[in-house]
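Take 1 as the starting number for the sequence shown in full-length UniProt numbering and just add one per residue.
You may find that some hints are simply not true.
Claimed, not checked - Straight-line distance between alpha carbons at most 16 Å, and here's what the computed EDC-like set of lysine to aspartate or glutamate pairs gives:
#	residue 1	residue 2
1	Lys17	Glu36
2	Lys42	Glu70
3	Lys130	Asp171
4	Lys130	Glu21
Stated by the list, open to error - Okay, the calculated beta carbon distance ranges per label pair:
#	residue 1	residue 2	range
5	Gln185	Thr39	29 to 37 Å
6	Val190	Ala45	27 to 35 Å
7	Asn213	Glu36	20 to 28 Å
8	Ala133	Ala197	29 to 37 Å
9	Ala41	Asp128	16 to 24 Å
10	Pro50	Arg94	51 to 59 Å
11	Gly37	Ala133	46 to 54 Å
12	Pro188	Ser52	16 to 24 Å
13	Asp128	Gly189	35 to 43 Å
14	Ala95	Ala45	34 to 42 Å
15	His163	Gly48	45 to 53 Å
16	Gly189	Asn214	23 to 31 Å
17	Met172	Leu123	39 to 47 Å
The hints are simulated quantities; they were obtained by calculation from the structure and are not laboratory data. Values in this document were obtained by computation on a predicted structure and should not be read as measured data. Using N, Cα and C, we set each Cβ at its ideal position, and we do this for glycine too.
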Amino acid sequence: MSTTTGLPNKRRELGEKSRGEILDAALLVMSANGYEGATVAKIAAASGLPASSIYWHFGSKAGILAAVMERGASEFFAEYDRDFAQNSDVTDPRATLEAAIVASQRAVENHPEFLRLMILLGLSGQHDEKVVAVVRETSQRGRDSLHALIVSAFRGYGLASSHRIADALVDMAQANFDGAFLASQIRPGVPPALLAAQLAETIYRLGIALAENNE
């Protein structure tokens with residue numbers, strides 16, 4: 001009885017394991033070759049699993065990408081949230097921004113392939129609607145997180161003002177965050193911590209200027 005009951009659980013565990021192995025391989029292959037260059041055959045070779053298993057789990061290459069980005073975003077933002085929560089009990093806007101940007105930088109350092117894939121997809125001129133939707137949704141999640149951070153940092157100026165500041169600065173902040181990652185990839189000697197600190201200081205100074213102009 002117990003053996004019979006355990007068989008479905010064992011199969012489920014094996015299925016989850018193979019799914020994770022495929023996603024690990026797909027992330028590495030796609031971040032190195034781009035979406036177009038990441039064939040199912042390459043992903044199968046990297047994972048050590050047959051192509052039939054990949055199609056069984058994900059249905060198509062676009063399905064693999066969606067799962068890769070969903071998992072990558074969940075892991076990235078979960079790590080950021082944990083790190084930031086440990087350092088977010090502050091009321092000073094500069095300290096709040098520094099804690100959050102540093103937390104983001106650490107998450108980037110631990111998940112470089114995920115962000116590299118995001119940028120590759122954004123630059124590839126993809127026309128596949130599913131791929132475009134995945135990239136936009138993931139990018140929007142990052143934008144929403146930055147917007148919430150800026151609102152939180154300047155909450156001392158009131159809800160309306162903090163939202164106005166966030167609306168004005170969020171796209172600049174996201175562009176600089178992506179640019180800092182690109183700089184660290186192109187020129188490994190550029191210290192990521194310094195770029196993170198400079199970005200936090202830039203957001204702080206611009207936010208204060210906007211807040212004071214609206215008083």
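Now for the hints, and whether the structure bears them out:
In summary, the hint linking Lys17 to Glu36 is not supported, as the alpha carbons are separated by about 26 Å, beyond the 16 Å threshold. Between the alpha carbons of Lys42 and Glu70 the distance comes to roughly 21 Å, so the proposed pair goes past 16 Å and is violated. Under the criterion of a C-alpha separation no larger than 16 Å, the hint pairing Lys130 with Asp171 is inconsistent with the structure, at around 24 Å. For a cut-off of 16 Å, the pair hint linking Lys130 to Glu21 is broken: about 23 Å separates their Cα positions.
For Gln185 paired with Thr39, a C-beta distance near 24 Å fails the hint of 29 to 37 Å. Hint check: Val190 to Ala45, Cβ distance near 34 Å, so the stated range 27 to 35 Å holds. For Asn213 and Glu36, the Cβ-Cβ distance of about 47 Å falls outside the hinted range of 20 to 28 Å, so the restraint is violated. Between Ala133 and Ala197 the CB atoms are about 34 Å apart, so this pair conforms to the stated range of 29 to 37 Å.
Take Ala41 and Asp128: their Cβ atoms lie about 19 Å apart, and the range 16 to 24 Å holds. Checking the proposed 51 to 59 Å range against Pro50 and Arg94 shows it holds: the Cβ atoms sit about 54 Å from each other. Taken as a hint, the range 46 to 54 Å is violated for the pair Gly37 and Ala133, whose Cβ atoms sit roughly 21 Å apart. A C-beta distance of roughly 40 Å is found between Pro188 and Ser52, which places it outside the suggested range of 16 to 24 Å.
Evaluation of the 35 to 43 Å hint for Asp128 and Gly189 yields a pass: the beta carbon distance comes to about 36 Å. Separation of Ala95 from Ala45 is about 48 Å and departs from the stated range, judged on CB atoms against 34 to 42 Å. Between His163 and Gly48 the Cβ separation comes to about 50 Å, which falls inside the hinted range of 45 to 53 Å. A C-beta distance of roughly 40 Å is found between Gly189 and Asn214, which places it outside the suggested range of 23 to 31 Å.
About 20 Å separates the C-beta atoms of Met172 and Leu123, a value inconsistent with the hinted range of 39 to 47 Å.
Taken one by one, the earlier hints fail for this structure at numbers 1, 2, 3, 4, 5, 7, 11, 12, 14, 16 and 17, listed in ascending order.
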